[in-house]
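S.K.: Letter by letter, the chains look like this.
Protein chains: 2
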Amino acid sequence: MELTQEHDLLQRLADLKVKSSVLEVQEVDREAMTKKTVQLINAQDDNITRLTCDPIKILDQAGFEADEISESPVDFDSVMQELNDRLVRAGVIPGHPLFLGFIPSGQGTYPSALGGFLPAAFNTYSVIHLESPAAVQMENRLIQWVADLFGYPAGHAGNISSGGSLATLTALAVSRDSRRLKAAHFHRCVIYCSEFTHYAVQKGLGAVGMREAVLRKTPVDTSFKMTAAALEKQIKEDKEAGLLPFLVVATVGTTLTGSVDPVDDIADVCERHQLWLHVDAAYGGFFALCDDMKQLFVGVERSDSIVVNPHKGLFISSGVGVLVVKDGGKLQQTCSLQQTPSVFEGMQFFSAEHLSPCELSFELTRSFRGAQMWLPLKVFGVGVFRAALEEKLLLARYFYRKLKETGEFELPLEPELSVVLFRATAPPGVDINNFNQQLLNDLNSDGKVFMTPAVLGDQYYLRVCILCFRTHMEHMDLCFSLIREKRGHLWGSFQSNA
Amino acid sequence: MELTQEHDLLQRLADLKVKSSVLEVQEVDREAMTKKTVQLINAQDDNITRLTCDPIKILDQAGFEADEISESPVDFDSVMQELNDRLVRAGVIPGHPLFLGFIPSGQGTYPSALGGFLPAAFNTYSVIHLESPAAVQMENRLIQWVADLFGYPAGHAGNISSGGSLATLTALAVSRDSRRLKAAHFHRCVIYCSEFTHYAVQKGLGAVGMREAVLRKTPVDTSFKMTAAALEKQIKEDKEAGLLPFLVVATVGTTLTGSVDPVDDIADVCERHQLWLHVDAAYGGFFALCDDMKQLFVGVERSDSIVVNPHKGLFISSGVGVLVVKDGGKLQQTCSLQQTPSVFEGMQFFSAEHLSPCELSFELTRSFRGAQMWLPLKVFGVGVFRAALEEKLLLARYFYRKLKETGEFELPLEPELSVVLFRATAPPGVDINNFNQQLLNDLNSDGKVFMTPAVLGDQYYLRVCILCFRTHMEHMDLCFSLIREKRGHLWGSFQSNA
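Residue numbers (full-length UniProt numbering), protein chains in the order written: chain A, 1 to 498; chain B, 1 to 498.
Don't read these hints as lab results, they were simulated from the structure.
Built from N, CA and C at the ideal position, the CB exists for glycine as well.
Be a bit skeptical, because a hint or two may be false.
As the list claims (entries may be wrong) - Chain A stretches covered by chain B per the calculated footprint, using a threshold of three residues with CB under 8 Å from any CB of chain B:
| # | segment |
| --- | --- |
| 1 | 66–79 |
| 2 | 130–141 |
| 3 | 156–168 |
| 4 | 198–209 |
| 5 | 311–320 |
| 6 | 380–386 |
| 7 | 459–473 |
All chains should be modelled from the sequences, with the hints used to inform the complete structure.
M.R.: So, in structure tokens, the structure goes:
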């Protein structure tokens, strides 16, 4: 690229402009590309919404090696065809009404998808107020709405992360810093949770440098909830042993059992011992929209930080979690640079009036995630979400009752939220764990439904999580029939072998 | 919600199904919604691509308070109108060809935007191989492609993060863990960088629990590059003082000056002292695609980890960073759970054959970011990016020469990549820093161009970063004319005041 002659340089620049101008896709091509994309989306949704749809899960995952990245362009239709053949035709379809296997990570209502599209096209830079004041204010408004939902007073601050793990990691760092803990004491620090606390906490501790800290799993009651008394006993013992209790993680809706820890009682303990109370409401948080559920959320307003996942309870596309810290200054202290390196000082276009997201999270540039949450909330209104969440709660009770009435299943827990645990009684002489493991395999084998297990103590249960906006009564009826049918077959096969 | 009667429950479920079914937007509405969205995008791009476009930056940011979240739905067109009025009509337009102020965080080529749309609509769950094998394999293929670009051998592993900060945070954690550093020793640990190393490193250190560690800024040469000799001297002194040197961050393309640290020399030092070498190529990395630039990347293949931002050098929409760690096992060791809590064991659908992204990053659920990178690379082919990047390099040289030829500007550094620093000479008796601060204000005031400063030592420079795919020779000509014009006016005003 030694271009000594001015003429050479101008010629080369003219050539390169022509070559690189391909990146500016023309309007007519955009229309064709968009049309093709929407066709794929519609075809997929057609599949899903028909009850006689394609399997929820294709088990044969061979032959899905991704294509190479090549020097030359590939026709857009071929690229889309490849995506269609591969993305859609293998794996699990998360938007399916019988996706009951994990707490669904969003089902992608259409406006949410457009909320992924529009800012990606505008390339909205949503992390500095100066650059995109509207995006920042929209995200702040969403955080305010979440804070209001849980009764946080003014003075809070938060951020919109990629999901619960990153939000939890940040909450851990803030709680760590709020105590001005020295690294030399990390190994003496104690974090309290239960066996059912999500492993995002353990993962986050590794990230924030506290792998050596003590992660204390306090006993749960028969509903798999933390007990405040056991927690307090443990804290006292730890203090006497010279350890440094500093953080309690309470869960509003454990992913495995749907249990809600007694937050108010735990808040009493935290208050007495001056511990940071973090509430993991990633799964259960948005059930606070349902009037009848208010009692489950008593005490959440007393916590120091909350994580809630719109891509779960608001049925939106994956990649949107919200962290709110009651004392916003503490979040800023952890995330903002205490001292900007002097050479970058001229680059800090921050305003005192409007805090920017990059001062309140560990991320600098990132996508304008708020749009995926903003569009559906505006377009549908909060009332629809309230109704959909109430429906999920009632579906769980409905399904629980139906299973119970048959007398063929053991149900360890009346559902508080939208998770139902059950296991089939086993034929005489057959190990109940093996029987249910086999039952789960049979249920998942033909791809009509997707469920996961929960191993409680040494007991193996099946687990159904109802949180897809497409799941209605008829789907739970179908799920129920499948379970009874497979159970019947399995029971029969054991008897014919006996 | 006390529903004792079976009949009540069924009736309530039927009602709620009707209410919540609104979330399943029908095909005809989707078409209308998509059309409206694309109209907005096209209108914005029309604005941008005309040279007589709307200002790049609207300074009056008052009155952009975001609307409330309301109980009732808002008509889609009104929501979009609000977005249009607010997002587009305030702040800085990052896709503008005269957005020269920051290393552009992506300009959002259209296929990249579709790559934000499609997976959000499919709600592709890209972090566990079992759930979405094709998405995982596509992301792994992209990581492989990046690793190949920098000459990493087999055995590496990586992840696609939201951007450079999260990728850097993760690299710091991996380097920390690779040395099995105890928290008790964090305050004795030393990280080496230069004054020009991006503050993401300082921010990340706070996140990973190492705020107490020593962040040593070693001297730079006259091109603002780290010097291996000064680095080694400092390491020796620190070792003698009983400190624990463990990590060096070298930068391939500092954001402030576009300088490339001498990675090969630094790698020698790291090898001799057994330090982790992390290469921050967030801005400069993809220039490795240009054949003539190979010499700048010598030694990068000897590093232990690399961060590169596709949303910079690949001109794609914000929110896509790539981390690659040479010894993939180390990344997994830091990010994967060492021991899964027993109750969650049944939930771990991991395969030994295919590592899942959630085992190689701190994030669990997140969006399928790979699509924003995959689509443009496939649709345009690598060749176009190569041409576009070469164009940016030549534009920087072209612009540098033009400024230099006038004799009216001081240029402290011949551009190596696509950043150009300059300042106007000041009229006699006028402080050169004040003069240039005023010049920058004047340039940014009418929104025709957007630039930022760089304060080097106590000298104030203006800074132009060329990395938008829309920036061509005519834009640099326009930028040049604006600078000369404003400089002339400013000079005149000082003389008339004198």
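S.K.: Taking the hints in turn, state whether each one holds.
M.R.: Consistency of the hints with the structure:
no.	hint	in the structure
1	66–79	holds (count 11)
2	130–141	holds (count 10)
3	156–168	holds (count 5)
4	198–209	holds (count 9)
5	311–320	holds (count 5)
6	380–386	holds (count 5)
7	459–473	holds (count 5)
In terms of the numbered hints stated before, the structure departs from none.
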